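Q: Take these sequences, add in the hints, and give me the full structure.
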Amino acid sequence: MPQEEYRRKRTTADEEAARIRSGDTVYLACGCLLPVDFAAALYRAAPRLRNVKVLNYLPLEPLALLSDPDCGEAFDVCSIFYNKFQQSAQALGRCSFLPTHLRNAARDLGCAAESYDCMVLTVSPMDRHGYFSLAGSAGIELAMLPRARRLVVEVASHAPRIFGDTMLHISQVDAVLESDRYPCVLPSEIPDEADRQLGQVVAGLVEDGDTIQLGFGGTINALASELKGKRHLGIHTEALSDAGMELLRSGAADNSRKTLHPGRTVTCFTMGSQALYDFIDDNPAFLHKTLSYTNNPSVLAAHPGMTSINAALQIDLTGQCASEGLGTRHISGSGGQVDTSVGAQMAPGGKSIITLRSTYQSRDPNTGETRIQSRILPVLPQGAAVTLTRTNTHFVATEYGAVCLRGLTIPQRARALIRIAHPDFRPWLEDAFERQYHQRLPRS
Numbered sequence: 112m113p114q115e116e117y118r119r120k121r122t123t124a125d126e127e128a129a130r131i132r133s134g135d136t137v138y139l140a141c142g143c144l145l146p147v148d149f150a151a152a153l154y155r156a157a158p159r160l161r162n163v164k165v166l167n168y169l170p171l172e173p174l175a176l177l178s179d180p181d182c183g184e185a186f187d188v189c190s191i192f193y194n195k196f197q198q199s200a201q202a203l204g205r206c207s208f209l210p211t212h213l214r215n216a217a218r219d220l221g222c223a224a225e226s227y228d229c230m231v232l233t234v235s236p237m238d239r240h241g242y243f244s245l246a247g248s249a250g251i252e253l254a255m256l257p258r259a260r261r262l263v264v265e266v267a268s269h270a271p272r273i274f275g276d277t278m279l280h281i282s283q284v285d286a287v288l289e290s291d292r293y294p295c296v297l298p299s300e301i302p303d304e305a306d307r308q309l310g311q312v313v314a315g316l317v318e319d320g321d322t323i324q325l326g327f328g329g330t331i332n333a334l335a336s337e338l339k340g341k342r343h344l345g346i347h348t349e350a351l352s353d354a355g356m357e358l359l360r361s362g363a364a365d366n367s368r369k370t371l372h373p374g375r376t377v378t379c380f381t382m383g384s385q386a387l388y389d390f391i392d393d394n395p396a397f398l399h400k401t402l403s404y405t406n407n408p409s410v411l412a413a414h415p416g417m418t419s420i421n422a423a424l425q426i427d428l429t430g431q432c433a434s435e436g437l438g439t440r441h442i443s444g445s446g447g448q449v450d451t452s453v454g455a456q457m458a459p460g461g462k463s464i465i466t467l468r469s470t471y472q473s474r475d476p477n478t479g480e481t482r483i484q485s486r487i488l489p490v491l492p493q494g495a496a497v498t499l500t501r502t503n504t505h506f507v508a509t510e511y512g513a514v515c516l517r518g519l520t521i522p523q524r525a526r527a528l529i530r531i532a533h534p535d536f537r538p539w540l541e542d543a544f545e546r547q548y549h550q551r552l553p554r555s
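All residue numbers for the sequence shown refer to my numbering, where the first residue is 112 and numbers rise by one.
I should point out that these hints are in silico values taken from the structure, not numbers from a laboratory. The model shown is predicted, which means the values in this text are computed figures rather than measured ones. Some hints here could point you the wrong way.
Ranges of calculated distance between the beta carbons of each label pair, as one might list FRET restraints [stated by the list, open to error]:
1) 161 / 481: 38 to 48 Å
2) 159 / 204: 13 to 23 Å
3) 459 / 112: 43 to 53 Å
With a cut-off of at most 16 Å between alpha-carbon atoms, the simulated EDC-like pairs for lysine to aspartate or glutamate come out as follows [claimed, not checked]:
4) 164 / 228
5) 341 / 318
6) 341 / 319
7) 341 / 365
8) 195 / 179
9) 195 / 172
Think of the CB as a built atom: it goes at the ideal place given N, C-alpha and C, for glycine as much as any other residue.
A: Encoded structure:
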């Protein structure tokens, strides 16, 4: 019986961490699948460990094994997408980045480590048939299972039960940990005025009946408010946040015109508030699929009017987008930006929209003074990673408007992008383009 097998495999986080040996490779699942209790136990085991390779990305809670400088010789962390916790760890020399498109993440992590001595992830409580559900994300975990020598599940009593590529049977599991915790929450950003203006601009590019891909952040939350007047939107997205929930609750999104999985919201990750987790819990209207499916350009292209909405940190005057860092300072990752941008443009009537606020604040390292910098630049900084090449950049939007770069020459692109730059930087951009590119800008 499943219940008997469950009881036989039940253990504690500390007992399971005691099995880890120096030189082992451990996969800690990402996002809301993060096994928080086991990660804490692994940290407690640090004094006896050396050179344990840990693969993890997007931890929604701080991890002591990342932040404690005394763990430097115990753990070597590899990530395919950073957040603030892993940014800090990289500064300490504790975390390194593995570039990949998320649709290929399982393949590329397989190249990084042919096998994993231990794989640990969070699941919802087991049902009477012996099945657990991954706790809010399909991710890449099931694709990684054949590489795991030992599979450990951390059963979170309040985790949502979800449908899709998410089920694990007790017979596949080597050890069961129990936790009374709630899922890791991703706080929702409150939009400011620039976010609201940018949300209005992007909403003007979305049409009734479009299928949209959108993620997180103040701009996306502002966009969701602006889209509530639309009708029959579909959602096929890499990541579902509270913004997507609001579109569904308002009736703007009903998934009725989608080509694939009509009537259902398709996502890979769900990350947000407890209200969002309650919304997807045991709800067959949500289908969680692996990244190799949600981010497959051919799948995206099957939806007429597919509209991908992604953010960049900087863009140059030819349309090259740097979306994962500022110069050599790494901030996040390419994620699914290339996957979804290419897939959307393959769809009939599809659109790829890159959003960015026109400026940001930086601090002068010598004087400590705060300076306003343009995100639209003549050329990208030295060492900047180009996430989306200029040949793949379609629409670009700031709070000052949106432009379509398709079919434009380099001088025409530069003129178009200067029009949506912050007004204070437009003369500088005009002068810099003509000096650095040795070309004349069109007058209009």
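Q: Which earlier hints turn out false for this structure, listed by number in ascending order?
A: none
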